[in-house]
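For the record, the sequence lines run as chains A and B. Sequential numbering of the first sequence, starting at 1, is according to my numbering. Sequential numbering of the second sequence, starting at 409, is according to my numbering.
It should be emphasised that the hints constitute simulated quantities derived from the structure, not laboratory data. Please read all numbers here as calculations on a predicted model, not as lab measurements. Hints should not be assumed to be uniformly reliable.
Facing chain B, a subset of chain A residues (Cβ under 7 Å, in silico) [as the list claims (entries may be wrong)]: (1) PHE191; (2) GLY231; (3) VAL242.
Chain A residues, not near chain B, derived (Cβ > 12 Å throughout) [said to hold, decoys possible]: (4) THR21; (5) LEU45; (6) ARG165; (7) LEU203; (8) LYS250; (9) ILE292; (10) GLU303; (11) VAL389; (12) ARG408.
Here are the simulated SDA-like pairs of lysine to any residue, each with C-alpha atoms no more than 25 Å apart in a straight line [what the hints assert, rightly or not]: (13) A:LYS250 x B:ILE416; (14) A:LYS382 x B:LYS411; (15) A:LYS289 x A:GLU159; (16) B:LYS411 x B:ARG475.
Glycine included, C-beta positions come from ideal geometry on N, C-alpha and C.
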Amino acid sequence: MPVEHIFPDSASRNAQGEFETEKMSLSMGPSHPSTHGVLRLQMELDGEIVTKADPVVGYLHRGDEKIAENMTYNQFVPYTDRLDYLAPLANNMAYAIAVEKLAKLEVPARCQAIRVITAELARISAHMMGLGAFGIDVGAWTVFLYSFTEREKLYKLFEELTGARFTTSYSRIGGVSRDIPAGWTDRVNAFCDQFLPILEEILSLLTRNRIFTDRTVGIGVISREDAVNFGLTGPNLRASGVPLDLRKDKPYSGYEQYDFDVAVGTKGDAYDRYLVRGEEMRQSVRIIKQAIAKLPGGKWYAEDARKIFAPPKEKVLTSMEELIQNFMLVTEGPQMPAGEVYFEAENPKGALGFYVVSKGGGVPYRLKIRAPSFCNLSILPKVCVGAMVSDVVSILGSLDFVMGECDR
Amino acid sequence: MPKALDAIAALRGKWSGVTDRASLDQPAINVPAADLLAVLGFLKQEQGFDMLADVSGIDWSPGVSPRFTVVYHLLSTTDHEYVRVAVDCPSDTLPEVPSAVGLWQGANWHEREAFDMFGIRFSGHPDLRRILMWDGYPHFPLRKDFPLAGVDTLLPDLEVVAETKTNAIAAPMAGGPFVAASGGINMTNAEPRAKDESWNERRPKPGS
Chain A
1 MPVEHIFPDS ASRNAQGEFE TEKMSLSMGP SHPSTHGVLR LQMELDGEIV
51 TKADPVVGYL HRGDEKIAEN MTYNQFVPYT DRLDYLAPLA NNMAYAIAVE
101 KLAKLEVPAR CQAIRVITAE LARISAHMMG LGAFGIDVGA WTVFLYSFTE
151 REKLYKLFEE LTGARFTTSY SRIGGVSRDI PAGWTDRVNA FCDQFLPILE
201 EILSLLTRNR IFTDRTVGIG VISREDAVNF GLTGPNLRAS GVPLDLRKDK
251 PYSGYEQYDF DVAVGTKGDA YDRYLVRGEE MRQSVRIIKQ AIAKLPGGKW
301 YAEDARKIFA PPKEKVLTSM EELIQNFMLV TEGPQMPAGE VYFEAENPKG
351 ALGFYVVSKG GGVPYRLKIR APSFCNLSIL PKVCVGAMVS DVVSILGSLD
401 FVMGECDR
Chain B
409 MPKALDAIAA LRGKWSGVTD RASLDQPAIN VPAADLLAVL GFLKQEQGFD
459 MLADVSGIDW SPGVSPRFTV VYHLLSTTDH EYVRVAVDCP SDTLPEVPSA
509 VGLWQGANWH EREAFDMFGI RFSGHPDLRR ILMWDGYPHF PLRKDFPLAG
559 VDTLLPDLEV VAETKTNAIA APMAGGPFVA ASGGINMTNA EPRAKDESWN
609 ERRPKPGS
């Protein structure tokens, strides 16, 4: 007796809707541990494969560019802390240099060297955070504990220098807010000496770790062409094999005096991005040591720039000339010529750019912030497609973005 | 900067509408909107400016014509030079320029941002939605006629509005912005809203 087959022909199985697959839509974030802040990913999944990813940004939009148009150049410095809040010292410097470019102002060599030291310390701090968080994302908790210990030591140094651990506001237009305290460079040197072996230890937890490599090697591959096409910058661009480092290629603040190498990846996967960041920290230590070794004497601000940099406080309280100068700076802001400039600095996350349009006076007419995280995230719709959901976590961790900067 | 200047000299021979733009740093040009894509394509493909670093909108204030300008910053990853390309929007009321997404994928988000903040439309853009503000937000915040304090707006989710009776309110400015008038320079010309006191302790906020 023939048995009755309920599907007379195999094609009708799907036609009856019995085993029809359906795409699932998944909203990841804005409060999700792997989105490092308030990124939301609106994804479409086929099983566990991502077929479409649409990043939704703007949850941290504060209108920094609008705010900048309504205050003097100096008043905006604290706002730059809050862009990439993991490396405020580097942001302070990038902003100050952009405005100094507008004023055609050269800061003294000592100021340049101090800025380089602080920016490289900020780079180490930011990469430590990025590495630690990346580790957690892919299941390596220990790294985070090590890297946060190192960041704490850095924050102690920042606090001694600037008075604040996190929001440093250290740069001024035409200088830095104060000279480095006595003995600070020795403590930075001591930090660097103990940091190098610890860095090797931290990296050794990941570099040949089977779980880590399984989750990063060949994941989130960004080709050289795509990286340039999407405007990626910083470690993410260099991991894809483009040796573009503005410190080397468009030197600013005296970076041309220092000897360092640019880490470049070969495959452009998440693992390469991790390796590039690791190497960058070693190079940062090299730069810091050189900068301290030949730290020039002299003033830490442009003394002649009387319409731009505030005079020392003790002079303000005793001398008429300086009192007037201080009063004018506080009320009207540093006086800038009319014109427009664009300046990009090589920040930990990539090229942080400021486009300043001035009509003269102490207030920018338009200040555009080119945020590296914003550009780096714009590649997500391309790089996430075809990945597994768990790979998305790894990709996000390896791109190392900061939403404070992306959303501005 | 020989490379960028060479590129501009070559451009000028091909497009007569290209003019020099005042700049304090890198070479800069003004391009008519009709030639924009051809010029950007030429700079990218023939002159090696392969990276689009930034796209910014500028609002030159209501009443000024042309009111809106879009500024592109291109970077050559091999020669390490920047060039600035600016295009004025032909219309002051419905500003629109061609989209550069066909040349650089990275232009996608930058142009969405310029649309979001200034209301500049980019023709040919594949997905011109708001990016920083929420979909359906009725204003363009970086326009000069938008007050710093913001304006009262309904929250995006009407259900939440009905349930909580809240909405997005203008920020309390407490008498700000705190910029004094300059002696030598007319602040109203330099920054129209620097002395904006349309809402402070003495005057009620707009729209209340």
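No chain B beta carbon within 12 Å of LEU45 of chain A's
holds (20 Å)
Classify the label on LYS250 of chain A as holds or violated, using whether its beta-carbon is more than 12 Å from each beta-carbon of chain B.
Its Cβ does come within 12 Å of chain B, the nearest being 6 Å, so this is violated.
Is the interface hint for PHE191 of chain A satisfied, with its Cβ closer than 7 Å to some Cβ of chain B?
Where the cut-off is 7 Å and the nearest Cβ of chain B is about 32 Å from PHE191 of chain A, the hint is violated.
Exclusion check [THR21 of chain A not at the chain B interface, CB over 12 Å]:
Per Cβ check, THR21 of chain A is outside 12 Å of chain B; nearest 26 Å; holds.
Evaluation of the interface hint that places GLY231 of chain A against chain B, nearest CB under 7 Å:
The hint holds - GLY231 of chain A has a Cβ within 7 Å of chain B, the shortest such distance being about 3 Å.
According to the definition I'm using, a residue is off the interface if its beta carbon is farther than 12 Å from all beta carbons of the partner; does GLU303 of chain A meet that for chain B?
holds (22 Å)
Could you check that no beta carbon of chain B comes within 12 Å of the beta carbon of LEU203 of chain A?
holds (28 Å)
If you draw a straight line from the CA of LYS411 of chain B to the CA of ARG475 of chain B, is it 25 Å or shorter?
violated (31 Å)
Assertion that ARG408 of chain A lies farther than 12 Å from chain B (Cβ):
violated (8 Å)
Over 12 Å to the closest beta carbon of chain B is the bar; see if ARG165 of chain A clears it.
Its Cβ never comes within 12 Å of chain B, the nearest being 27 Å, so this holds.
Should the label of VAL389 of chain A as a non-interface residue stand, given a Cβ cut-off of 12 Å to chain B?
About 23 Å separates VAL389 of chain A from the closest Cβ of chain B, which puts it past 12 Å; holds.
Identify whether the interface hint at VAL242 of chain A stands, where standing means a beta carbon of chain B within less than 7 Å of its own.
Status holds, d = 6 Å.
Of the numbered hints given earlier, the model fails hints 1, 8, 12, 14 and 16; all others are met.
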